[in-house]
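J.: Next come the chains, spelled out residue by residue.
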Amino acid sequence: NSELVTLTYGALVAQMVKDLDNVDDVSKQLERLGYNMGIRLIEDYLAKTSTGRCHDLKDTADKIQSAFRMYLGVQPNVANWSAAGDEFSFILDTNPLTELVELPDDLKALKYCNIICGVIRGALEMVQMDVQSWIVQDQLKGDSNTEIRVKFIRRLEDAIPAGED
Amino acid sequence: MTVYNLYIFDKNGILLYYCEWNRFKQSGMTKEEEAKLMYGMLFSIKSFVSKISPLDTKEGFLYYKTSKYTLHYLEIASGLKLIINTDNNAQGVRELLQQIYSQIYVEYVVKNPITSINQPIQSDLFKTKLDNFVKSSAVYLSKAI
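Residue numbers (full-length UniProt numbering), protein chains in the order written: chain A, 1 to 165; chain B, 1 to 145.
Looking at chain B on its own, in the form it has when it is part of the complex (with noise of 0.2 Å):
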């Protein structure tokens, strides 16, 4: 199994953080474009999801899966966004995002006071910790099935 790369967004849209790991083919467009296009098809599944469900949804979106990945999707009640890519034999990436949110988010960006939210996350100690911590995860060093 693997990660291919993460995407955080905030409330506004704005692209707070991006990383990648193994990814094998770039969009070829500017990053800016791209987290343009990603938040905008995110908005547009988010709420076709809710219009189109037959039934009240709690949550929501959750993920999509195409033949070669699977997006999964956490959005957080304060607006927050987590992207994750990933193989689609991975499991329990939902638990590893909500830790991404509650771990390395919370912990080393909004308790941090001279990181500013709402910004893209410049941090190094945040780039560090989430890259120590996805590589470590279980969803990253298993072995494709």
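Extracted from the complex, chain A is given alone in its bound form (with noise of 0.2 Å):
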């Protein structure tokens, strides 16, 4: 059931909001907290898996969008890509962590969903991948989806071993 996530969630959000002053502080405490998901959820994402290095963008779009099937049950539609082919977006019709939530008027700045950023970015840091996600749309500000950008930034790599001379 998806709702305990849902309520768990916008208790955590709450709490942040009244613990810190700043909105955009919650945002990217938000981000940081996804950050550390992500980290340990691809572990989880690999074994249940047991997918291999991806070979382009798209590949690893895919992924993702089996990803969010897995932890989310929600299908996002990946589109918007850029010429270079180093960007695209997930849109969401549906986002289950929104579902029972209106944002205030004071919170208008508030990007309530950052936490899927930061899982995004720290899962993919974890494969080898630095890259850049952010919220371009927010159903929770009137639009009628929920639209995440992916950038891809750069290849991160393996680690030499030390002491090697």
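Please keep in mind that the hints were generated in silico from the structure rather than gathered at the bench. Note that CB positions come from ideal geometry on N, CA and C, so glycine has one too. Be a bit skeptical, because a hint or two may be false.
Stated by the list, open to error - Interface residues of chain A toward chain B, partial, derived using beta-carbon atoms under 10 Å:
1. Arg40
2. Ile42
3. Ser50
4. Thr51
5. Arg53
6. Ala123
7. Met126
8. Val127
Reassemble the complex: the two chains are provided individually, in unrelated frames, and hints are given to aid placement.
T.: Take a look at the structure:
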């Protein structure tokens, strides 16, 4: 049942809004929280799917799509590829995190689902990909879909063993 | 068939875990030195294999065999490396490694919030689970052919 997750997440955000004065700080903390989840979640994903390295970014997008299905029970569409092929968006028509949520006016700047961006960044960093992720459209702000943008920055190199001389 | 010992390295070459069951000859160096030597060799084999391969490889380096033992190597996309030494008759070690990863490492290290990842594993729960898992596996139990 995803309602428990929705409510727990809502309670978390509400508490953070109370604890931190600044709405931007809340968004930032949510992203950090997601990052820390992502670096662990990726291991669970790899163990469950026993998938290997990605060949290209399209492959990566497909796999994240399947991860959305596994962990949130929704199937986002992959769309809006940039001409260079290094940027794309996930479009969610329903977002389980925001199902029972309405944003009050004084929190319009809050990026409520920023945790997802953090998870994507953290998980991809563990598979040698440096990406940026942010929310472009948000159903909580009156848009018809939630759109999460992912931008590929660079490939992280394998570490060379220390003291090889 | 027997399992001799097991190494787990993270993507930066830090030895996360080492344990042995039937090791009759020690390397004569400290564990730290041995781990460095091991990781260095694996790193070299990996790049050697991918450079020298006449075809595009998917999985790359899988195992090597000597007259006395076989070293099996499994690398996860996240850079985690599991290495296990067995005797030469052992079957299905690759599956065993995959299971150690998904059923022991992920369950008792990754999903345990107080164990930090990318640091040597201290968790006793992990140690006992791993020990039991390996000892009850078919690779460990079946008699030498």
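J.: Should the hint that Arg53(A) touches chain B count as held when the rule is a Cβ pair under 10 Å?
T.: Holds, because the Cβ-Cβ distance from Arg53(A) to chain B comes to roughly 5 Å (cut-off 10 Å).
J.: Quick check on Thr51(A) please, does its C-beta sit within 10 Å of some C-beta on chain B?
T.: holds, 7 Å
J.: Close enough to count: is the Cβ of Ile42(A) nearer than 10 Å to one in chain B?
T.: holds, 6 Å
J.: Taking 10 Å as the limit, does the beta-carbon of Arg40(A) come near enough to a beta-carbon in chain B?
T.: holds, 5 Å
J.: Go through the hint on Ala123(A) and say holds or violated, using the shortest Cβ distance to chain B against 10 Å.
T.: holds, 9 Å
J.: Is the shortest C-beta separation between Val127(A) and chain B less than 10 Å?
T.: This interface hint holds because 5 Å falls under the 10 Å limit.
J.: Is the interface hint for Ser50(A) satisfied, with its Cβ closer than 10 Å to some Cβ of chain B?
T.: Result: holds, 7 Å to nearest chain B Cβ.
J.: Holds or violated: Met126(A) as interface residue toward chain B, Cβ cutoff 10 Å?
T.: Where the cut-off is 10 Å and the nearest Cβ of chain B is about 5 Å from Met126(A), the hint holds.
Checked against the numbered hints above, the structure breaks none of them.
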